[in-house]
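**Student:** Going by this note's numbering, the letters in the sequence shown line up with residues 15 to 416, in that order.
Note that these hints are calculated values from the structure, not bench results. This one's a predicted model, so the numbers in the text were calculated from it and none came from an experiment. Be aware that one or more of the hints could be misleading.
[Claimed, not checked] Here are the simulated distance ranges between beta carbons: (1) Val83 - Phe190: 28 to 38 Å; (2) Ser174 - Ala237: 30 to 40 Å; (3) Glu361 - Leu56: 39 to 49 Å.
[What the hints assert, rightly or not] Pairs of lysine to any residue, SDA-like flavour, derived with a Cα cap of 25 Å: (4) Lys147 - Glu361; (5) Lys147 - Leu278; (6) Lys91 - Phe178; (7) Lys217 - Leu278; (8) Lys181 - Lys217; (9) Lys181 - Leu257; (10) Lys146 - Phe277; (11) Lys58 - Leu171; (12) Lys205 - Gln92; (13) Lys58 - Phe179; (14) Lys146 - Lys58; (15) Lys91 - Phe124; (16) Lys91 - Val204; (17) Lys58 - Phe178.
Ideal Cβ placement from N, Cα and C applies to all residues, glycine included.
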Amino acid sequence: MNNYLLRVLSIRPFFFLFLSEIFSQIAMNMTNFILIIVAFELTKSNTAVSLIVLSFTVPTIIFGILAGVYVDRWNKKQVLFLTNIIRAFLLLLLAFFFSQNLFFIFILSFLIAIATQFFIPAETPMIPVLVKKNLLMSANSLFGMGIYGSILIAYALSGSIILFFGKTSVFFVLGFLFFIAALFIVLMRVKAANRSSLITKTKEIYHALLLLTLSQVLILVVAVIGPGYAREILGIDIKQFPLLFVTPAALGMVLGAVVLGNFLHAHPKRAMTSAGIFLSGVTLLILPYGSQVTSRGFITALNTYLPAILSINILHIMVFLAFVLGIANALIFVPSHTILQEETSDEVRGKIYGVLNTMVGLFSLFPIILVGGLADLFGVGTVLTGIGAGILALFMFRLLIK
15 MNNYLLRVLS
25 IRPFFFLFLS
35 EIFSQIAMNM
45 TNFILIIVAF
55 ELTKSNTAVS
65 LIVLSFTVPT
75 IIFGILAGVY
85 VDRWNKKQVL
95 FLTNIIRAFL
105 LLLLAFFFSQ
115 NLFFIFILSF
125 LIAIATQFFI
135 PAETPMIPVL
145 VKKNLLMSAN
155 SLFGMGIYGS
165 ILIAYALSGS
175 IILFFGKTSV
185 FFVLGFLFFI
195 AALFIVLMRV
205 KAANRSSLIT
215 KTKEIYHALL
225 LLTLSQVLIL
235 VVAVIGPGYA
245 REILGIDIKQ
255 FPLLFVTPAA
265 LGMVLGAVVL
275 GNFLHAHPKR
285 AMTSAGIFLS
295 GVTLLILPYG
305 SQVTSRGFIT
315 ALNTYLPAIL
325 SINILHIMVF
335 LAFVLGIANA
345 LIFVPSHTIL
355 QEETSDEVRG
365 KIYGVLNTMV
375 GLFSLFPIIL
385 VGGLADLFGV
395 GTVLTGIGAG
405 ILALFMFRLL
415 IK
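Just need the whole structure built from these sequences, with the hints factored in.
**Tutor:** Spelled out as structure tokens, the structure:
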């Protein structure tokens with residue numbers, strides 16, 4: 015079988031893990047979106063929304079590393095099963111008793127997030143236990159597709175599912191999705207992991223952790239300044255931004271993961287991550303100047319020959335750049351996860367992913383708080399240009415220390 019992605023999917027334990035990932039990721043992303051909607055509709059308060067978001071993020075900082083330490087001591091399959099069951103049970107509690115009580119919504123959201131901190135360092139570290147080393151790149155490509163595809167599905171369906179089931183019954187549906195995820199874990203047969211050296215290439219692991227943290231923080235930063243970018247630069251309704259930016263970015267990530275997993279699985283990982291950093295920097299530099307790009311002579315001349323319906327404008331440029339940004343993220347995400355799995359043993363892999371989870375939580379707090387104020391003070395375009403320049407500086411630094 016020449017298709018590497020199909021070869022990975024033909025491994026039954028991995029296939030069940032992949033299906034479990036899809037259901038649990040859709041359920042978790044939907045839960046986050048829906049809790050934000052419910053909190054806002056109960057209070058009409060942005061502060062309530064901020065508190066809900068904090069209930070997702072604070073457990074990452076408090077419990078991330080600790081969860082990784084304990085997960086390495088426990089059976090990871092059992093951890094995956096129990097964390098899915100616990101999250102399902104908490105959502106059922108929410109549905110039966112507390113769906114209109116904001117205080118208990120905060121508490122249960124916090125508890126769900128704690129369970130998720132134990133789920134994360136158990137899930138991805140299972141991949142090298144189930145998949146041979148030569149197929150790790152393809153396996154991580156599939157996982158990347160699952161993560162970003164689930165974000166798309168969750169975003170697309172969250173509003174509709176509330177309208178269809180109502181603000182109370184929707185939590186039964188989300189709990190059911192977690193139960194399905196737990197069922198696939200039960201079907202997954204796991205062989206005992208081989209004992210090996212704990213960590214082989216510390217420098218590569220540090221770099222992979224930093225790059226994965228950077229890519230996640232960038233996503234959060236773009237989410238923070240997205241509404242301002244939509245209003246100030248694109249001149250569109252804020253509600254259109256997710257469709258016009260998040261969707262092409264997620265599709266770019268999925269396409270990038272497919273190409274990496276099927277055709278570039280043997281390509282040097284450092285070259286791929288460097289390409290991802292470069293593309294991210296260039297894309298963010300160009301994003302504020304879409305109107306100038308569309309007014310250049312070539313584009314203007316091209317538009318004179320195109321039908322009006324096909325003429326290129328700033329929105330087309332933005333959608334294309336968002337797509338490229340998704341590809342860039344795949345170039346960082348897939349090789350970096352593969353490095354973490356190749357260069358660590360099963361005995362410490364949970365700790366490594368716990369550290370990653372905590373790093374994302376810690377390093378995202380300061381930029382998220384700061385970037386909004388900077389955008390208000392200097393403008394969204396200036397902030398994007400600064401971020402793009404900083405990422406390109408990182409690219410140059412990596413070239414120098416090679």
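**Student:** Tell me, in ascending order, the numbers of any earlier hints that this structure violates.
**Tutor:** 2, 6, 8, 14
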